[in-house]
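Residue numbers (my numbering), protein chains in the order written: chain A, 209 to 663; chain B, 1311 to 1729.
These are calculated hints, taken from the structure and not from any lab test. A couple of the hints might just be wrong.
[Stated by the list, open to error] Residues from chain B shown here face chain A by an in silico Cβ test under 10 angstroms; the list is partial:
1) Asn1352
2) Ser1403
3) Pro1596
4) Ser1598
5) Ala1636
6) Gly1637
7) Asp1647
[As the list claims (entries may be wrong)] Rough simulated footprint, nothing fancy, chain B against chain A, three-plus residues with beta-carbon under 8 angstroms:
8) 244-252
9) 316-327
10) 512-525
11) 613-626
We put the beta carbon where it would ideally sit given N, CA and C, even for glycine.
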Amino acid sequence: MTWQMKLYLATSCLTASALALAEPFPSTYAPLASQPTLIENAVILTGTGERLEGASLLMDGGKLSFVGAGDAPDDALRIDAGGRWVTPGLIDIHSHLGVYPSPGTWAHSDGNEMINPATPNVWAEHSIWPQDPGFSRALAGGVTAMQILPGSGNLIGGRGVTVKNVYSTSYQGMKFPGAPHGMKMACGENPKRVYGRDKRTAPMTRMGNVAGYRAQWIAAQKYRDDWDEYEAKRAEGDEDATAPTRDLKLETLAGVLRGDILVHMHCYRADEMMTILDMADEFGYAVSTFHHGVEAYKIAQELAEEGVCGALWADWWGFKMEAYDGIQENIALVDRPEGGCAIVHSDSSEGIQRLNQEAAKAMARGQRMGLDIPPERAIRWVTGNPAKAMGILDQTGTLEAGKMADVVLWSGNPFSVYTQADQVWIDGALVYDRADPAMQPVSDFELGQLQGVSQ
Amino acid sequence: MKRISKILICSFAVLALPAATADILIRGATVHSMTSKGTLENTDVLVRKGNIYRMGKRLSVSGPDHVVIDAEGRPLTPGLFAGMTSIGLTEVSAVDESVDNALESIEISPMRPEFDVTSAYNPHSSLVPVTRIEGHSFTLLSASPSSSLFGGQGRMAALDGTYDALFGEPVLFINIGGSAAGVAGGSRAGLWMLLQQAMDEASRAPEDNVSPLLTSRGRATLARFADAGTVVFSVHRASDILQVIRHADKFGVKAVISGGAEAWMVAETLAKADVPVLLNPLQNLPSSFDALGSRLDNAAILHAAGVKIAFSGAGSHNARKLRQMAGNAVTHGLPHDAALAALTRNPAEIFGVEDHQGSIEKGRPANLVLWSADPLEVTTLAERVVINGIDIPMTSRQTELRDRYAPEQPSMPRAYIKP
């Protein structure tokens, strides 16, 4: 073997190894071109719990330069809010846009790989149809980022992905740079219905559900340890160490155990959530968020103490047994304890368009039972809290200098049914303007439909 | 002795009087009458024997048995329509044995228009209090199409929690469109073919050599509806809506469109044919190829064209969302009064029950809601609800769960907290 050949092989090996380490399907998202933009004379809800009156903010180079008061460069576009309200871009932690898009045909129904109760190997992003008209509707509702999750038919449904709400021909072009993956898991009725009742295979019961998760975590711990051992040997200079065989299922689960992937757990009943928290302790991982959590109010204190968020609806209930105890004060009660982390989520192509209204309903219910929930507190349910639970709070979710300029200018108080998003910016670029049809995106699917119908 | 017997009679009367006969005086409300009288400021409403007895200024009640509510200028509206629902027909959607709003396929005769959901109505369903304390006083019990283009029949129900809740004439439900075509050989043209055949059978029994679609009861049912009965057609696509108008005229039925995502595209025709539309004003996505024209100002366009609209489509458990839906219709161009009418007077008129529900008018049954503020605003709550003259307790299974879990550190298990 010539030295050139040796060098070539060595280089190839290095390249291959580097590729294996790099995140596959990387984000190609780049902020759109923007100009410095100053919004003045606004009521600003920062998403940190503050409300600033007569305030201004500056977006420059895709970031927030200041929030409150400051000097704008001469070339900045100046927008007089005239007392209108400004909030961070809204974030939906639970969306199926793209994986269950409109129109709802079999051909596009790509959210639930229900062939095995544990499919941590599937990634929701590989199912996203970027032409879902739902993205444009969510944008008109002020949503600037969302987590797109697999469905809940399986105990472990696969990886979720966080995207910026900007149309692209590929999901990579939407993928939120640096956002960790989520992993969807599900409690309760769905897995036992899909497998036990409909397919006569495990799990058939809730105890079967738990046995199913635990078996996966045991395998994942071994997989993680095998890889750790291999990496340690390599680090010690052991050239002969052989890498364990890659396993896509266990790779995702090991990512959770290492804290790189965040667990988003569909779970309705309070008692089941308590079981899951014990299981997480057993295997040494953390649950980021319980999703749906129709009974979360029954364990609000426990959730707050564990630092687990509840991603909840304002008023959905009753569609199945585990949703029978829903109350309209759920969000406000989960928000109540010190450290409580309440999130308004949609799970719906309609709900994602009105996260502010859903938060308003929950706020009103909390106020009615005597809880002190001003708008500056409630806005956190659809901004800062979901950003925290998705691992992107250091980048977005609140209006603070240095963060991504993901901003909504509302026509009025966003906690009103009559208020609409007037303008939306993502990374400082104007991506939606209610008054300007040219600044309202239309997906490929909708383009050119209903020819001859006067709009 | 005389005095004692008087007291006895009096207490007997108090004990024996059903709630609906207690006088209720609501003082100083902003009354949205939904009649030609419009909105009446600072007005009192007196309810006696279940009906609106008087409306005016400075009304008074006497005697021990009455309720006085100070509205302090807040809005008083008629009880709201809850839409087409299966309230009282469904407890938990995914618990089959608690769901009675649809007839699955049965061997003999594929089409059963005679199926009538109202015999399954349970006034004690938890959905009744959950819905009414949000200001909804009546709903159209609907028969959901399952394995037939005919869903069956339903009727209006008052959410008063009584066994006598049903009122109005029977309504027939028919499903049209792409998703329904599966029960008609895979083509929506097959739906019209079968419907025509069924209507033919209703007017004359089928010949011996043809296998019939209907039972004799089914024929009698359709014959009855062919005499100007009200038929709700679930349909979205504009071209299908035009077919409904044409066929309804031919069959002699009074058509109501339900869904109508593309109704705005044929608004003028609907207005001319006097065909009303029950719609979900939040529908703005092309959820199917039948609904490509979905848009948020559907309600506003229809109303402007003179089509009578009502809101529906929030489901049964969350029917209370209709109010929010109406508010959004206002945001997208529908006048506020028209949105309120679409939750009150319009659905009552569409189904011929305007003497019972949908307005506040002297002599009519008292169906009233006092609101904390603008009834179409999402932060507004219903404060008092009167249905058929009954002062409704503002409790439900959900408020009791709330009150059980409201205390932060109870000393005993919460099972001992029984609000």
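*For the hint on Pro1596 (chain B), just tell me whether its beta-carbon gets within less than 10 angstroms of chain A.*
5 angstroms, holds
*Should the interface hint for Gly1637 (chain B) be scored as holding, given a Cβ-Cβ cut-off of 10 angstroms against chain A?*
3 angstroms, holds
_For the stretch 613-626 of chain A, count the residues whose Cβ lies under 8 angstroms from any Cβ of chain B; is that count three or more?_
Coverage by chain B holds for the stretch 613-626 of chain A (4 residues, Cβ < 8 angstroms).
*How about Asn1352 (chain B): closest beta carbon in chain A under 10 angstroms, or not?*
At 25 angstroms from the nearest chain A Cβ, Asn1352 (chain B) fails the 10 angstroms test, so the hint is violated.
*Close enough to count: is the Cβ of Ser1598 (chain B) nearer than 10 angstroms to one in chain A?*
Nearest chain A Cβ about 5 angstroms off; hint holds.
*With a cut-off of 10 angstroms on the beta carbons, see whether Ala1636 (chain B) makes it to chain A.*
Check passed: Cβ of Ala1636 (chain B) comes within 9 angstroms of chain A, closer than 10 angstroms.
*Check, residue by residue, whether the stretch 244-252 of chain A contains three or more positions whose beta-carbon lies closer than 8 angstroms to a beta-carbon of chain B, and give the verdict.*
violated (count 0)
*Within 8 angstroms of chain B's CB atoms, at least three CB atoms from the stretch 512-525 of chain A: coverage verdict*: holds (count 3)
_Check of the stretch 316-327 of chain A against chain B for coverage (Cβ-Cβ below 8 angstroms, three residues minimum)_ = Violated - the stretch 316-327 of chain A has 0 residues with a Cβ nearer than 8 angstroms to chain B, which falls short of three.
*With a cut-off of 10 angstroms on the beta carbons, see whether Ser1403 (chain B) makes it to chain A.*
Interface hint status for Ser1403 (chain B): holds (4 angstroms vs cutoff 10 angstroms).
_Interface restraint verdict for Asp1647 (chain B) against chain A (beta-carbon cut-off 10 angstroms)_ = For Asp1647 (chain B), the interface hint is violated, since the closest Cβ of chain A sits about 15 angstroms away, which is over 10 angstroms.
Going down the numbered hints, you'll see the structure goes against 1, 7, 8, 9, while the others check out.
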